[in-house]
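Below, each chain spelled out in residue letters.
There are 2 protein chains.
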Amino acid sequence: MSMKRNMRVGAILKTLMDYPGEIFTLNYFSERLKAAKSSISEDIVILKSLFRELNIGSIETITGASGGVMVKPYKSDEDKRRLLEKISEMLMGKERLIPGGFLYYADILYQAHYVKDLGEIIAQRFVDERIDYVMTIETKGITLGLMTANYLNVPLVVARKDNRISEGATISINYVSGSTGNLSTMYCAKRSIKRGKRVLIVDDFLRGGGTVRGMMDLVSEFESEVVGVAVFIDNRSQKRKMVQDYYAVLAMDVAGDQIHLEPQGL
Amino acid sequence: MSMKRNMRVGAILKTLMDYPGEIFTLNYFSERLKAAKSSISEDIVILKSLFRELNIGSIETITGASGGVMVKPYKSDEDKRRLLEKISEMLMGKERLIPGGFLYYADILYQAHYVKDLGEIIAQRFVDERIDYVMTIETKGITLGLMTANYLNVPLVVARKDNRISEGATISINYVSGSTGNLSTMYCAKRSIKRGKRVLIVDDFLRGGGTVRGMMDLVSEFESEVVGVAVFIDNRSQKRKMVQDYYAVLAMDVAGDQIHLEPQGL
Chain E
100 MSMKRNMRVG AILKTLMDYP GEIFTLNYFS ERLKAAKSSI SEDIVILKSL FRELNIGSIE
160 TITGASGGVM VKPYKSDEDK RRLLEKISEM LMGKERLIPG GFLYYADILY QAHYVKDLGE
220 IIAQRFVDER IDYVMTIETK GITLGLMTAN YLNVPLVVAR KDNRISEGAT ISINYVSGST
280 GNLSTMYCAK RSIKRGKRVL IVDDFLRGGG TVRGMMDLVS EFESEVVGVA VFIDNRSQKR
340 KMVQDYYAVL AMDVAGDQIH LEPQGL
Chain R
100 MSMKRNMRVG AILKTLMDYP GEIFTLNYFS ERLKAAKSSI SEDIVILKSL FRELNIGSIE
160 TITGASGGVM VKPYKSDEDK RRLLEKISEM LMGKERLIPG GFLYYADILY QAHYVKDLGE
220 IIAQRFVDER IDYVMTIETK GITLGLMTAN YLNVPLVVAR KDNRISEGAT ISINYVSGST
280 GNLSTMYCAK RSIKRGKRVL IVDDFLRGGG TVRGMMDLVS EFESEVVGVA VFIDNRSQKR
340 KMVQDYYAVL AMDVAGDQIH LEPQGL
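Order-wise, the sequence lines are chains E and R. The C-terminal position of the first sequence is numbered 365 in our numbering, with every residue numbered one higher than the one before it. The C-terminal position of the second sequence is numbered 365 in our numbering, with every residue numbered one higher than the one before it.
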């Protein structure tokens, strides 16, 4: 039985949304939904105008042999600003200050709601960079890394602070931990990154940049290339950074026991 | 300008899918899409039959004062079996065996593709248990915990193996680590779980069950209740378990250097 247009539009949308960044051919939908390719084409025109009208994203058509259609991560500037201002405000609550000048923000990164949107914002920034992997380091950056990787349709790679048997052979490097100033070691499973690939580094918090610098060195050891660095919160009160070129979603300023956060780079 | 039905159906579907488990009122869509409530009702009927026909999920209507409509996690048994057999086969590759009887599976849990589906499968099992939080322990279970929490529309809580300054005040317990048999300590931010809540524990691997037992004790310290335990892989070769009642997605048997995996509890 062939489906009505309403149903086909919904079915195509669900598939595209389940796998953002993945290219589906018209043939795929034509066979699956038992409809002519011309009907599928028209359905996609409807979806494109839906996304445009609601300003909720972008559906891209890729031409050529490996062509097809995909959902590209997209949020309007207005949606981004609204979301990031909301998160900034939540983070400025007095009860979030931890003695020693730390900020409690783990709960934000552990709510799928927020981290999906944050991952989409980062992915949108790097979607045209032909990223092969997103890399992060345990623990708090993992959820943000996963959602960014989801929208870029690439695997996540997690560097570890301990050498775990269950990772098999690892490559390790030493780095200067930003929070303690001490020399630490990070490890990454040897099989997790192929040579000659393009890597986006995602982390939760940037203070001195030592950890990010460590991940950059680690990527080099895999003979791959870092093509971008993105962090959730940049502590601007720390002036000297070991990394210069990065994208921060939020900027944080600390003065005494006052913490201010605001959206960055919109 | 009011939208055509095609567009409304797509718009409603996108919202419901972006926030699985969250209840949206008809009023919400009526205002946002500038359409009569009766039209929205009809759109939802179309979406319900779409989900049924494609066997891709379930759209539920909740009646009463706080009523509305939501997407409930759902995969058909056939889809689950196909997916889990595919993952089992990938995991049985010879190159995944690590000396000492370990299995390399981190890459599966770090691919959004797979972990979304796995999280949905676990959520489907526990969706009627009125879960308030999903709890996991760093590191490899975090992505699975996040996606399960996503489909249940609840926050994730991550127990840590070190006491981190940035978590603020923590509650800790000692537990017997399954992999080493040693006594270890796990920590959880005091503010992360309220009292009297219902918690689902999600972990990546179950051997002796010491870590899961530890998380159960930790939940008790928060005066909350564990209402379920779900793991990605159950090592059945380990007969003596410190936890009896759990749901495993895959079962693993080891004989010499032969590892066998298969879907569990379909």
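To be clear, the hints were calculated from the coordinates, so they are not data collected in a lab. Mixed in with the good hints, there may be bad ones.
Below, computed lysine-lysine pairings styled on DSSO-like, alpha-carbon distance capped at 30 Å [claimed, not checked]:
#, chain 1, residue 1, chain 2, residue 2
1, E, K174, R, K133
2, E, K147, R, K174
3, R, K174, E, K171
4, E, K174, R, K293
5, R, K215, E, K185
6, E, K174, R, K147
7, E, K133, R, K338
Hint-by-hint comparison with the structure:
Only pairs whose Cα atoms come within 30 Å are accepted, and K174 (chain E) paired with K133 (chain R) is accepted, the gap being roughly 22 Å. Restraint check: the Cα-Cα separation between K147 (chain E) and K174 (chain R) comes to about 28 Å, which is no more than 30 Å; the hinted pair holds. Distance restraint check for K174 (chain R) and K171 (chain E): the Cα-Cα separation of roughly 25 Å lies within the 30 Å cut-off, and the hinted pair is therefore satisfied. Under the criterion of a C-alpha separation no larger than 30 Å, the hint pairing K174 (chain E) with K293 (chain R) is inconsistent with the structure, at around 33 Å.
For the hint linking K215 (chain R) to K185 (chain E), the alpha-carbon distance of about 26 Å falls within 30 Å, and the restraint holds. A distance of roughly 27 Å separates the Cα atoms of K174 (chain E) and K147 (chain R); the hinted pair therefore holds under the 30 Å criterion. Our distance criterion of 30 Å between C-alpha atoms is broken by K133 (chain E) and K338 (chain R), whose separation comes to about 49 Å.
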